[in-house]
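**Student:** The lines below spell out each chain.
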Amino acid sequence: MGSVVSYIGQLCRQQNKQEVERHLRANDRTFNLSYRYANNAIKTSKYNIFTFLPLNLFEQFRRLANCFFLFLFTLQLIPQISSLAWFTTAALLILVLSITAVKDATDDIKRHKSDNEVNNREVRILVDGEFRTEKWMNVQVGDVIKLENNQFVTADLLLLSSSEPLNVVYVETAELDGETNLKVKQALTVTGGMGDSTEALARFNGEVKCEPPNSRLEIFKGTLMVDSQSYALDNGRVLLRGCTLRNTEWCFGLVIFGGPDTKLMQNSGKTTFKRTSMDHFMNVLVLCIFVFLLSMCSVLAIGHAVWEAKEGSVFTVFLPPEPDVDVPLSSFLCFWSYVILLNTVVPMSLFVSVEAIRLVNSYYIDWDWKMYYPKSDTPAQARTTTLNEDLGQIKYIFSDKTGTLTQNIMTFNKCTIGGKSYGELLDTSGQRIEITENTPRVDFSWNHLADPKFVFHDHNLVAIVKEGNMEAQAFFRLLALCHTVMPEEKRQGELYYQAQSPDEGALVTAARNFGFVFRSRTPETIAVLEMGELVIYELLAVLDFNNVRKRMSVIVRNPDGKLTLYCKGADAIIFERLHTSCNTLMALTTRHLNEYAGDGLRTLVLAYKDLDENYVQEWMQRHHEASTIIEDRDEKLDRLYEEIEKDLLLLGATAVEDKLQDGVPQTIEQLAKADIKIWVLTGDKQETAENIGYSCNMLQEEMKHVFIVAANTAEGVKEELQSARRKMCPAAAEEPNVTRARPGLLWLHKTETVHDDKVDGKYGLVINGHSLAFALEKGLELELLRTACMCQTVICCRVTPIQKAQVVELVKKYKQAVTLAIGDGANDVSMIKAAHIGVGISGQEGMQAVLSSDFSFAQFRYLQRLLLVHGRWSYLRMCKFLQYFFYKNFTFTFVHVWYAFFCGFSAQTVYDQWFVSMYNVAYTVLPVLGMSLFDQDVNDRWSSQYPQLYLPGPLNIYFNKKAMVCCVIHSCYSSLVVFFVPWAAMHDTVGDNGKDIADYQSFALVVQTCLLIVVNIQMCLDTHYWTPVNHSFMWGSLVLYFATTFAMHSNDIFSIFTSVFPFIGTARNTLSQPNVWLTIFLTCLLCGLPVMAFRFTVIQLWPSINDKVRHKVREEPLPGPPSRRLPARRMRSRRSSYAFSHTHGCGDLVTSRRFLRKHPPTSQVTLFKQINSHLAPNQPQLCRVDTVESEQQAR
Amino acid sequence: MVKNENESANRPDNTAFTQQRLPAWQPMLSAGIVIPGFVLIGLAFIGIGVALFITSRSIQVLELDYTGVEQDSPCFRCSDPDVRDCVCSIQFSINRLFEGPVFFYYGLSNYYQNYRRYGVSRDDIQLYGDLSSFKEPSDQCEPYRYDRNNQPIVPCGSIANSMFNDTFRLFQNVNGQQVVVPLDGKGIAWWTDYNIKFRNPSITPLRNAFNGTVMPLFWPRPVYELDPSDPANNGFINQDFLVWMRRAALPDFRKLYRRITEGNYADGLPAGNYTLEISYNYPVLSFDGRKKVVFSNVSWMGGKNEFLGIAYLVIGSLCVVMSAVMLIVYAKFKFPEED
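Chains A and B, in that order, give the protein sequences.
Residue numbering for the first sequence follows this note's numbering, beginning at 6 and increasing consecutively.
Residue numbering for the second sequence follows this note's numbering, beginning at 43 and increasing consecutively.
If you're looking for bench data, these hints aren't it; they were derived computationally from the structure.
Please read these numbers as outputs of a predicted model, since none were measured by experiment.
It is possible that some hints are incorrect.
[To be verified] Computed Cβ-Cβ distance ranges for the label pairs, DEER-style: (1) B:Glu112 - A:Val1103: 21 to 31 Å; (2) A:Ile974 - B:Asp172: 32 to 42 Å; (3) B:Phe59 - A:Pro59: 35 to 45 Å; (4) B:Asn52 - A:Ser1037: 53 to 63 Å; (5) B:Ile370 - A:Pro1079: 55 to 65 Å; (6) B:Asn52 - A:Gln497: 44 to 54 Å; (7) A:Arg1100 - B:Glu112: 12 to 22 Å; (8) B:Ile370 - A:Arg946: 52 to 62 Å; (9) B:Asp122 - A:Thr321: 29 to 39 Å; (10) B:Lys374 - A:Ser434: 28 to 38 Å; (11) B:Ile370 - A:Gln436: 56 to 66 Å; (12) A:Pro1079 - B:Asp172: 32 to 42 Å.
[Claimed, not checked] Simulated coverage check for chain B against chain A, where a stretch passes if three residues somewhere in it have a Cβ under 8 Å from a Cβ of chain A: (13) 109-118; (14) 208-222; (15) 231-241; (16) 248-257; (17) 275-282; (18) 311-319.
Every residue gets a Cβ at the ideal spot worked out from N, C-alpha and C, and that includes glycine.
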């Protein structure tokens, strides 16, 4: 809607001149004002009090339907054409316009409020050599402003100086990109020198030349000229509006972009407008109906011409022809008269009603108690209120893994130490005991630094650690030393760990609870509280993780001077490097590892090695040399690492559970029963993804085959895809079966649909990102799609955000199916935006996914309820609504067509004009709304119990072209009955008092009463769920009809508005006649009974799934809540190892001094800033640090 | 604890409405309801149908076309539009007593009173006795709004202008004597039309109200002289005028002309020969129209109408047949019970 305003705005701006480069000078308002850059006031509102009416009306009349009705309204003002009183269309038009206007106005008032709130925020600004408090909106480009801790950044600023060492500031960018971790920005030294000296800042007259305003958040290019020397500026020097200053006492900035030019504002308002498939169908339908209307009118106009020629030309005695109107002209006028009269087939109130229904159905989602997550106090939220019925037609779900299927919480679950497994509870006979909420937990109260959230059930482990078992102690010592976690001790005894990956955090936390508390670190030391005794280790080297090494080691010296290398890594990698003495232990450990893998746990093998002092000295020397050379540095380091990490001694292995969210396997199972295909698109690596695939029941042991596509060339990928396809379906044709069609508006829209091939048996497909890149190219995409669609489960791993979107687009393009993408992180945004429906998991990593999503809730399992209950109902209700809506309007309109044959095609209404205007506005609107707000075929429990009920949605069975044709035929029948039964019964008869009742007004009243009762009976037959509201709407509407009819036909109203209510007395005279009532009764039953008989027979002969379930509901009591089964341990040897992130580790950082602060608040290094957010304080976070390059490079 | 309250601040309300658990009646088209329902409705329809059919059969109707198209028709002479003040008579006989009260209608065919342009051509405000509309009739009355001298026409419009102006007299031939059958011209219009919708201006004498206006072009005398004998039946509230102004819904229609309720004929028209004397004024042949008179009596269900009775009978039988079909379908295919 706002597009036109912004478009005009753009035009104006373009006319002014396209900004090529921004040029500004600090503290020189006159200079800067000459460029007329926007100041910092923002305006997201569209209207003010004066422009509202014209602009809003203009906006609304851009809608074709509204325009059409305005056109009709003007036609009605021409007396030769006007077949209806002006108020009939006007009433509806005004109603529709005012509903929309009220909605727009409330939206705009909200925007005004938030604009005002933001514009009136206060900031310290440097004016005439001193700092004054000013409102945000008065900040100009080129001003120097002061920001303090936790303040919002006012505009896009060039950072000048800050309170922190090295002129660094920390900002939180959650509002901008959704990431909650802090980012570091650094000022140039040349400006940083000014510090907080007001004089220096006031004297500062640097000139900035930079790119014009744009929306790219991560790029900034410009130069700063100070004292005729230029310095390069990049993104690291700029604070963007929308960020919040954190952990920085103060900083000064130079305003570069203000208000609408800021990157935040440039980024807003570009959300793509999603429409449902029903919307598209409705548009096509309305267009078809419009064509239908014109053809009906043409036929009637021809009829008029014929009548005029045969009858009208002779019936001139009592009805003289209009002057200067010959037959063709009269027929032309008649055409327009019928356009007015029959306009009710083009349903104007349709769009408003549809919006209203969707809105309430969205509220149901917001209100749903069963989609509310009490732990994080997050209710489900329908952020887009126009997509509901698409939820009932989902065919493909694309899901992220981390944070969506899994909780992104790792728990230390089991371990094997010295060949003995811990963590599993066995009963006396050696059977596994299921661990539940009530299983007694290990008491860690002896350890005052223990993490209270840590849960462990096996008491033996604690016992042996306490006993002083050397192996167990070495095991946990390793976990406490070999990692890159940063600790933070906010208060004495309250430890928080900031880990690069959640696995690491889990392991270090486990060590902490078992008495090896990692306390603090400096670049050279690690302090560990070992069983209550503080031991400081000297950290000599961190042999960091990378993707090839798949292991990580540290070399430490304990206080006794003993040197040890601790190493942890993937089983295969470590096993290769073990000392031969460990062979027996290795065999035992391998057995345990297989068990853990069977449980879907992520394993990591731990090993150590004592080192010789001299060797280490020498090695360190070489290491130092290698790390300072530039050429082949990585290779040399690798070789060095390789050299020292051998002949390791095995300690044991850990098993970390990548915790699935609650109910994920059950949800996936139910959705699969509803024939929804679920594809997992994850950035995680293949093993992890596969493993999760198994643990959430997507990949199953009984699958015939799980294909893995991991080729590195286009040919290889093609071959693998083809061989997979041939294996699944040898009979399928080589060429995909593509149907091309041109549905949609004006046949402009081209579609290509690839059809599914029949496959027996279940298959799975795992494809990695590298292969996916090839497969998504033009030549291979169809091959990929065919093969993937044959499989029950598709898992794409190591995919980039762009690829996620590409996969979604691929399916959208060739399957013509409704897709849903669900994710939680910023990397899912592209796919959430690409899919028909985007769902964000709220309360996790950031808000970015939620912000761009259409629906959001806290747990993956709510997806089941969203689709199977809300989606299904929304779709059902919308279909019923549309079907009924068209039925009632067609029936209403067709009666006029039949009457045309009896009134000389003169566009005479059959009904009272008031009835015409009230029919859609008052008499029939409430019952149908009641049905489309409350109807449910079976309740939510049964809906979840029988996911098969969802099947008709994706196939679009309830409302399609066929249903529409049936609807038209049905209306045709009903209108014939509604017109001809009263015609036959009344054309030649009189009342019981002998007075004639075949007069126009009586006939109109009888027909309209019949019509209203008939459509209400149809409503009764369509309503499955009669709440008290439905009852009151239904009977209320009938009562309303009779009440208003009698009122409008009353003496009093006639004496007041004589010319407007000419039907005086008709109701009294006509409705007192028994034969009138017999006629009405006959008409209604003649319309209702065949429908009833037809439906009954269809239910008996071809019962739909809904009928069956509804039948079952009658027979059986409510099903209990679905039982939760524990997935059985799988017998397989698939192993998944530690989820190292595939970026490089943080090892460099923990040993670097760069980020050390001058005055650390506590004794710890705070590399990972704690954020005052709703997130749990020990929420694991990936290390994301803006590269702080040295200034020399910038110059 | 305050914290706990805060924690669930966003919890939605647990009401039947928000959780979509409103108590509801969920009817189903089950065999136990539909089949007996159809049988019952069918039987009821047959019952009503029989009653209606018999009642309708008992109603007597006598129709006489007097358009005079055929050469041997007594009114053929009058059908020539050039003949003025023509009177013709139709003889008819009644075999048995035509039970009273008898209603006397005139009927017109192929006459489009429901033509839109015709139908709107009236001024309800004028007919309500509003004098301002006398001077300036509604523009809907065109082309009968002003006459050639720009004098306003009252009552204006096509409907009023085309008022039916044949008049009838009915005689019974008793022993060669013609006995006048008294015709009651009161109470033939709707009560609301007579008392509310149409009003004469409250000026006495009535004719003064019409100063400066002209009568409709086709009328022989102005509206205030429609029935000079009875002020309660004169002007706009003349009942013949009211009946005409209530325009018909369909091109073939009949309108109540008189009731036969008085004197010897209060119980009906006895068997015998009758003469209908028609003063033939209304031209219909130009548009192939027909004129007729209808004598009819009524029952509790109104005038004669065989359609309703037959329709009820047919539909009732169909219902019964349908219920049998459904029973067979139900017995044979029955609802499959498996999931």
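**Student:** Run the structure past the numbered hints and jot down the numbers of the failing ones, going up.
**Tutor:** 1, 2, 4, 5, 6, 7, 8, 9, 10, 13, 14, 16, 17 and 18
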